[in-house]
Structure formats: C-alpha cells, structure tokens
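A.B. asks: Protein chains in written order, with numbering that gives the first Met the number 0: chain A, 0 to 551; chain B, 0 to 111; chain C, 0 to 171.
Hints may contain errors.
What the hints assert, rightly or not - Computed from the model, here is a short list of chain A residues facing chain B with C-beta under 10 Å:
1. Leu48
2. Lys79
3. Asp419
4. Ala424
5. Ile429
6. Gln433
7. Asp476
8. Val480
As the list claims (entries may be wrong) - Covered by chain A, per the in silico footprint, the following chain C stretches (three or more residues, Cβ under 8 Å):
9. 78-85
10. 108-114
11. 130-141
12. 155-169
Unchecked claim - Sample of chain B residues facing chain A (criterion: CB under 10 Å; computed from the structure):
13. Leu18
14. Asp20
15. Gly21
16. Val23
17. Phe64
18. Glu74
19. Thr76
20. Glu77
21. Arg86
22. Ile89
23. Arg90
24. Gly93
25. Arg97
26. Leu100
It is worth saying that the hints were derived from the structure and are not from the lab. For every residue, glycine included, the Cβ atom is placed at its ideal position computed from N, Cα and C.
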Amino acid sequence: MYRYDEFDLKLVNERVAQFRGQVARRLAGELSEDEFKPLRLMNGVYLQLHAYMLRIAIPYGTLSSRQVRKLAHIARVYDKGYGHFTTRQNLQLNWPALKDIPAVLDELASVEMHCIQTSGNCIRNTTSDHYAGSAPGELEDPRVVCEIIRQWSTFHPEFSFLPRKFKIAVSATEHDRAAIRVHDIGVQVVKNATGELGYEVWVGGGLGRTPIIGKKVGDFVPRADLLSYLEAVLRVYNMSGRRDYLYKSGITFLVHEIGAEEMKRLVEEEFEEIRKTGALQLPQEEVDRIQKYFAPPAYETLSDAAPEIDALAAKEKNFADWLKTNVAQHKVPGYAIVNISLKPIGKTPGDCSSEQMEAVADIAEKFAFSEVRVAHEQNLTLANVRKKDLYEVWKALDASELATPNVGLITDQIACPGLDYCNLANARSIPIAQRISERFKDVDLQQKIGRLHINTSGCINACGHHHVGHIGILGVDKKGVEYYQVTLGGAADETAAVGEIVGPAFTEGEIVDAVDTIVKTYLDIRKDGEILLDTYRRVGLQPFKEKLYAAH
Amino acid sequence: MAQHSRKGAQVQAVTANRLTDGVVVYLTPQNGWSPSLQDAEIAEGKEAAEALLARGQTFFEPGNFVLDVYLFEVERTEAGIRAASVRETIRQAGPTVRVDLGKQAELEGVHA
Amino acid sequence: MQLIKNGAFIADVWTHVADEDELPDGPAIVSLQRWQKEQNALVARGKPLGIRLKSGEAPSLIAADLDKFDVVALEFPAYRNGRAYSYARLLRERYGYKGEVRAVGAVLRDQFYFLVRVGFDALEVRDNITPEIWKESVGVFTNDYQPSSDGKPSVMSLRHRLAAHASARNAG
Ligand code: SF4
Numbered sequence: 000m001y002r003y004d005e006f007d008l009k010l011v012n013e014r015v016a017q018f019r020g021q022v023a024r025r026l027a028g029e030l031s032e033d034e035f036k037p038l039r040l041m042n043g044v045y046l047q048l049h050a051y052m053l054r055i056a057i058p059y060g061t062l063s064s065r066q067v068r069k070l071a072h073i074a075r076v077y078d079k080g081y082g083h084f085t086t087r088q089n090l091q092l093n094w095p096a097l098k099d100i101p102a103v104l105d106e107l108a109s110v111e112m113h114c115i116q117t118s119g120n121c122i123r124n125t126t127s128d129h130y131a132g133s134a135p136g137e138l139e140d141p142r143v144v145c146e147i148i149r150q151w152s153t154f155h156p157e158f159s160f161l162p163r164k165f166k167i168a169v170s171a172t173e174h175d176r177a178a179i180r181v182h183d184i185g186v187q188v189v190k191n192a193t194g195e196l197g198y199e200v201w202v203g204g205g206l207g208r209t210p211i212i213g214k215k216v217g218d219f220v221p222r223a224d225l226l227s228y229l230e231a232v233l234r235v236y237n238m239s240g241r242r243d244y245l246y247k248s249g250i251t252f253l254v255h256e257i258g259a260e261e262m263k264r265l266v267e268e269e270f271e272e273i274r275k276t277g278a279l280q281l282p283q284e285e286v287d288r289i290q291k292y293f294a295p296p297a298y299e300t301l302s303d304a305a306p307e308i309d310a311l312a313a314k315e316k317n318f319a320d321w322l323k324t325n326v327a328q329h330k331v332p333g334y335a336i337v338n339i340s341l342k343p344i345g346k347t348p349g350d351c352s353s354e355q356m357e358a359v360a361d362i363a364e365k366f367a368f369s370e371v372r373v374a375h376e377q378n379l380t381l382a383n384v385r386k387k388d389l390y391e392v393w394k395a396l397d398a399s400e401l402a403t404p405n406v407g408l409i410t411d412q413i414a415c416p417g418l419d420y421c422n423l424a425n426a427r428s429i430p431i432a433q434r435i436s437e438r439f440k441d442v443d444l445q446q447k448i449g450r451l452h453i454n455t456s457g458c459i460n461a462c463g464h465h466h467v468g469h470i471g472i473l474g475v476d477k478k479g480v481e482y483y484q485v486t487l488g489g490a491a492d493e494t495a496a497v498g499e500i501v502g503p504a505f506t507e508g509e510i511v512d513a514v515d516t517i518v519k520t521y522l523d524i525r526k527d528g529e530i531l532l533d534t535y536r537r538v539g540l541q542p543f544k545e546k547l548y549a550a551h
Numbered sequence: 000m001a002q003h004s005r006k007g008a009q010v011q012a013v014t015a016n017r018l019t020d021g022v023v024v025y026l027t028p029q030n031g032w033s034p035s036l037q038d039a040e041i042a043e044g045k046e047a048a049e050a051l052l053a054r055g056q057t058f059f060e061p062g063n064f065v066l067d068v069y070l071f072e073v074e075r076t077e078a079g080i081r082a083a084s085v086r087e088t089i090r091q092a093g094p095t096v097r098v099d100l101g102k103q104a105e106l107e108g109v110h111a
Numbered sequence: 000m001q002l003i004k005n006g007a008f009i010a011d012v013w014t015h016v017a018d019e020d021e022l023p024d025g026p027a028i029v030s031l032q033r034w035q036k037e038q039n040a041l042v043a044r045g046k047p048l049g050i051r052l053k054s055g056e057a058p059s060l061i062a063a064d065l066d067k068f069d070v071v072a073l074e075f076p077a078y079r080n081g082r083a084y085s086y087a088r089l090l091r092e093r094y095g096y097k098g099e100v101r102a103v104g105a106v107l108r109d110q111f112y113f114l115v116r117v118g119f120d121a122l123e124v125r126d127n128i129t130p131e132i133w134k135e136s137v138g139v140f141t142n143d144y145q146p147s148s149d150g151k152p153s154v155m156s157l158r159h160r161l162a163a164h165a166s167a168r169n170a171g
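The shape of chain A in the complex, shown without the other chains (with noise of 0.2 Å):
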C-alpha cells in the first residue's frame, strides 16, 4: 500500500488546518452560507435532508487494517455508528455535525487518509479495480496509476474549477470491473506489440442526465507520457467545456458536440505542446518509488488444490454456495481473492456498521496480509487469501452478517441513498433494493437467474449507476408521488451499454413485480448458459415489454 511521506503528510494536514478555520469562519457567522458552501463543497460536506454528509475519499478503493478501524471509530464516535460505502469506492457518513468534521479530518490525517476533492467542479477520486494485483491476466497493478494520478490531481491550480466534476478510472485487465468506459477518463493500460506497457485513454462516458460510452480517444500512450496526455485532455476541456448550462457541461457533451475524432485532433494538439516542455514526463525513479508500495505481498509457495476446503464445501451447502459466487480466482496459486458482501438479504446496499468494520479489519489482519478494497458495487474485497484459509475466513464473516452468497447474483444490487437521506432525490431507492432482495431471497433461485447486475437511483444524477445496469431503476417525482422508470440492457464492463427504457414508469407498489416479470421472462426464453444481459441482447426489449405491459 502506498503510505504517506514527509510531502503528502504536510499537505493533508494543511489542508484540515485550512478547513478548520473556514469551519470556524462559518460558525462565528463571518462568512454567509451562501460563502461557505463552495469551501465545504471543496471537502466532501454536504447538507442533505436530515444532517450534514461527509464524503470520505478511499483512493482507488484501499484500505489497510489500521485504516478500516479508524474509520469505525469515527462512525461511532462522530455519527450513528454505520457509515455507507459508495460505487465511487469512497465512504459517506450520514449524520456528523459540522462542528465536528475539522476533528473528524484530524482523525482522517492520522492514517493518512482525507476528503480532498470528493466533491466540487474538480478531478474526483481515481477509482479502479478492486481485484487489483491479485487479478490474473493484469499486466502492471492498476494502482500506481491511480497513486500517480491521485498526486498529479490533488489541488491542481488549473483544474480545481472545472465546468463539472471530473471521474478517471484506470483498469489493466481485459475484463473492465472498473467501469472505465462510463468515466470522464477511463484508462486501460495496454501492451504494444513490441511488449512495452501504455495507456489506451477512453474520454467522455459518463452517467447523469445523458448517459454515453465513452470513446476511444487515445490507442497508445507511453507510460512516462500519461500525465502529460490526461493534462490535455482536463485542458481542451476546461477551455472549451460548456459553462452556461449545466446539464451539458460535461465532457461527455464537448465530445458529442466537436465529436470524437475533432476530440482527439484537439487533444493531440495540446498533449505534443505539454510534452515538449518536459516538465510532467514522469521520471522512472519516481514510477519505481510508487511501485514498490504496491508490490506483491509476501506469497508462500503453495498448491493451488486445496481438498480440505473442497471437503467442508461438500459438507456445507452454505459454505458451497459462498465459495461459488463470493469466492474469485487469484493470479497465485494457492490464493483466492473474497468479496465480502454489502447486501444481506432485506438490508440497505452498502451499509457497513462500525462492528462489521472492525470485524472485516481483524479478518484482513488475519488473513490477508491486513488489506482492503471497497469495489465500486458497494462490496468490500479481500484480495489476497490463502485457500486453505477460506473455511474460517468465511465462518468470521459469516459471524457478522457479511457472508451472504451473492455477489454478482439479483440481490447484490447497487443503489444510492435515495429519498431516505438525499436532498437531491426524487424517490426511494434502498427500499425498493430491500424489497427485492427479499423476493429473491433464496438462494438456489438466485443462482439458477445468474448473473444479474440490478441498480437503483433516486434521481437523474445516477449515483446508483441504473443506466449500467442489466436492469437499472430510477426513481422519479410526479406530483409528489414516487414512481419507477425501467431500463434493460446496460453493463458496465468492456462491453458497456446504456439501458434502454421499457416503457412508462411503475409504482411503488407494481416494482417489484416488474422486476419479477423480467426475470420470469427470461427464465423462460433464455437459451443454454445466457445470463439476463445475453437474452436481452439476443432478443431485445419486445418479449419483455409484451409481459409487462400485458395487463394495460
């Protein structure tokens, strides 16, 4: 893991020192709200509808032992004793006081950790694979990237007042569990064909209001070259990005209005200029200096068999069914990588109370080498364990409510805070996830479904990403009356897609049975080994239109 030296740490605790004074500014009545809430909006602090929201970043989502615990303390000490993790891979607080957030931050900074840019016009948190490192087929860990963007990034002079607020993701495996493609930046590192590492640059996806895939902007930047290319782009962009209407002042719409290719021409343009002058060229020493905090754990030599684990499986149908869907393959033999769950059954979607993490601290002291990930489906990931390891790994997550088996699966839903805390919401999202989860409760049923990403947002915004997902939901307002928009049919990964809409919205009581008449159609057409998403790519919207609208 990347740790702070003499340089981050100072600047972190600048930067409390800086907020502590705007906070006391605010609370003397010197500075007005309508003053105050850019500098708050500069440090994660929102004001929703029952307290104020803290944002807490977790730098491509990971997290050390120390770090987990830290943040339980805080939950329980300065809020309700729970905190939510995001599909940004960061941490948000639901109740602190703004009294208390400069201490907060104090604690935050003592593991070296902060909420820098987690909200505001400005380059958000990098996120990236949870599986990073331990994933096979990478081809360098994700993560040093992400650490060089993360330095680059953190106030940058230029870049700090964007048009919109700005997302990069970085993956470096062929199958995209980053979701590059609906970031500002996606990044994909790539091999040429002379075996020398780079960058595929992916720009303008995004979600929101208008959801795009993004394009593929640059095929090949050499590594010493990125942050001289990502400059460029946040360049063309913060120049030319539209500032008078803010629904389109995403990049995403500079890229549709100049299109793609008058995108790159403008972007080559200004990368070749910044090249020049030398002066972001990354230097190998300073790639080797963060690289190494990202090497390899201390693997043993083991055999990747592991027959007494197989044996407990064959005992425990429980234990089968967690190894089956919770439990991913490691690049080393003898190793799993575990997703521990964010989604019992009946429960709010990536709610983790102050308990649960200093459980899953304690586990990942034990077990895997005191290390953990926040994946961008509001799960938390485990990314090195020893296979002769799993029985009681799971046995102490299941100790705490964190071993239902069914990551990947129709309960493991994602769904933003919804109408329950956002002040922005124009519906429910976390009871229609709950309620869905409880029709699909058991556990051979959600099985024999498959794969099935299901996403929940409150409103247009998207936090909960329901445009990705294979059945996204949206939550909208008529006349005060909560209502549920449908899509089919988007994905995240590599080979992503924007939902398509499946006809006029549903009630708060007809949802759920939507949601069942979809599955329920598949269930019936789906040919040999197709998930959801394949049906539907094989046969579209009309079959599952024709059921749902059938009563009308």
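Since the structure of chain A is provided, determine the placement of chains B and C with the ligand on it from the hints.
C.D. replies: Coordinates of chains B and C with the ligand only, in the frame set by chain A:
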C-alpha cells in the same frame, strides 16, 4: 429539489437545517427553531405563509443559526402535525430504512 | 476594489475602458473587440496598453500581439468559471508572456493560492481582503504536487533532490 411545497398548498410551516449539526428544525411562534414539527407555527393561506417565510429568513442570515429556509405543506391529524409529502415526512421523522434513527420515536407508525 | 501586485497592495494606475468610452490619457485596458478594431490607433497612442479577455476569448487570439501589452486581464464571470486558469498558464508557459497577468471579476479568497500558481501576478480583490488574509490564503500549502507556471519545484522533484542528497551522503 422535488416535492417541496405544492403550488396552492394551504397549510404550511417553515423548515430549515441547523447550522452546527444540520438537524432539521421548524420555525416556532416564539421565533425560535425547534427540532419538533409539533412546535411549529402553522400558516394558513398564501399571505400568512409568505409572512412566516419572511420571518424565518430574518432568523437566518444575520445570526447564521440555520440554513436552507423554506415553506412546505403540512396536515393536521389526530396524531399531530404531519408533513404532506414523502420527502418532508422523511425529514420530519428520519430514514424509512432506519426507523431506529432520526426523530421517529415521537411519531409512531409514521413510515408504516 | 483593491489591487494586489506580486503580493503588495498597491494603487492601480490602470483604467478599464469600456468600448464606448474615450481613452484616458494614461495606461488603459481595452477589450479584445476594441483592440481588433482600433489596433493601429491604440499602438500609435504610445501609452501603456492592456487587454481584457472575457471567458471564451482564448489567449491564442492575441498570441501574435502579446508584445504590445503590458497587462493581460483575464475575466472571471463567476468564481466557478475556471477557464482563465488555463488561459493564464498558456500565456505564461506557451506564449512566454512576461507582462502582468491580472485576475478580474469574481474570485474568492480561497482561490488566491490557485491563481498565483497558474501565473497571475496581479489580482483585483474585494475591499475586505487584508494583507493577513492574502498571506494566509496564498501560503496555504507549502509544497505542490504538480509543476505549474509559478516555477516552484514539484513534490516529485523535491523527493528526488532528497533522494539524490541521501545517496550522495551515503556514498561519501
Ligand atoms: S442519484 Fe440522485 S437521489 Fe441518488 S444519491 Fe445521487 S443525487 Fe441522490
């Protein structure tokens, strides 16, 4: 922000969030801010509502005690004053998915 | 409004001249449109000349004329509109402009740090800004991660200096 006050709402109160901790508060007849809607002053009709809002706003900027002051529709029921919209009911009571949190204790069955 | 130039609060000798107004006798800052229309007359005047660019008027439009200007004033129509941060860097780094780059319009005290980093050496600020506030705001961070127009060494290069230093010591 959807679901604030409906146009033509007749019975309204003024709400805000407290500066120090963000807690939802309501303007009282004594020109104070109370966390309970039961203490709120209720305005009937458009004029009274506007006057109430104006009062709320004078207790807003100079003292900086609260932020985001606005009117919303309420109903008088047997069980007390209730917000009319889902949004304001959630603000009044707490999240519907964590009935152990927020102010729901004083409002039994509010999210039932 | 007051003017801060290179960190000092000083009297402003420049006049912003609206397009329809007569030119004053002394130093004048004119719009891009006026410059384009009255170029010859403005140069012939023989008085210090400045130009004011609105958001959307990129410095590439005046790149060839920069030697005519002692001041390039960049407008911030709203504090959220950060286009001019890029403009300032281009002026300094791409076009090598050495004259005054001045921020005008809506800027918050918490932005001074960023403005100075991208190459603004003059800021028109609200009257409630004091030298203390200026100092605090501009000096909020000791080190910076990225290279920018202020020429300060980035954290990356500081790290390598330290490393080089350490290894020289070890070798010696
Ligand atoms: S999608 Fe809308 S309702 Fe959901 S968290 Fe984002 S802003 Fe709030």
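A.B. asks: Closer than 10 Å between Cβ atoms is the bar; does leucine 100 of chain B clear it against chain A? Give me holds or violated.
C.D. replies: Given a least distance of 6 Å, the restraint on leucine 100 of chain B holds.
A.B. asks: Given that the stretch 130-141 of chain C was listed as covered by chain A, double-check it with a C-beta distance under 8 Å for 3 or more residues.
C.D. replies: Three-residue rule met by the stretch 130-141 of chain C, so holds; n is 4.
A.B. asks: Would you check whether valine 480 of chain A satisfies its interface hint, that is, whether its CB is within less than 10 Å of any CB in chain B?
C.D. replies: Because about 8 Å separates valine 480 of chain A from the closest Cβ in chain B, which is inside the 10 Å limit, the hint holds.
A.B. asks: Would you check whether arginine 90 of chain B satisfies its interface hint, that is, whether its CB is within less than 10 Å of any CB in chain A?
C.D. replies: holds (5 Å)
A.B. asks: Given leucine 18 of chain B as an interface hint, is the shortest Cβ-Cβ distance to chain A below 10 Å?
C.D. replies: holds (7 Å)
A.B. asks: Tell me if the interface restraint on aspartate 20 of chain B is satisfied: Cβ within less than 10 Å of some Cβ in chain A.
C.D. replies: holds (4 Å)
A.B. asks: Verify this for me: three or more residues of the stretch 108-114 of chain C with a beta carbon less than 8 Å from a beta carbon of chain A.
C.D. replies: holds (count 5)
A.B. asks: Examine the stretch 155-169 of chain C for residues whose CB is less than 8 Å from any CB of chain A, and state whether their number is three or more.
C.D. replies: Since three or more residues must qualify, the claim that chain A covers the stretch 155-169 of chain C holds, with 5 doing so at under 8 Å.
A.B. asks: Close enough to count: is the Cβ of glutamine 433 of chain A nearer than 10 Å to one in chain B?
C.D. replies: holds (7 Å)
A.B. asks: Hint check: is the beta carbon of glycine 93 of chain B less than 10 Å from a beta carbon of chain A?
C.D. replies: Where the cut-off is 10 Å and the nearest Cβ of chain A is about 6 Å from glycine 93 of chain B, the hint holds.
A.B. asks: At a threshold of 10 Å, is the proposed contact between threonine 76 of chain B and chain A supported by beta-carbon distances?
C.D. replies: Since chain A brings no Cβ nearer than about 17 Å to threonine 76 of chain B, farther than 10 Å, the hint is violated.
A.B. asks: Can the hint on aspartate 419 of chain A be confirmed by a CB-to-CB distance to chain B that is less than 10 Å?
C.D. replies: Holds, because the Cβ-Cβ distance from aspartate 419 of chain A to chain B comes to roughly 4 Å (cut-off 10 Å).
In this structure, the earlier hints numbered 18, 19 and 20 are contradicted, and the remaining ones agree with it.
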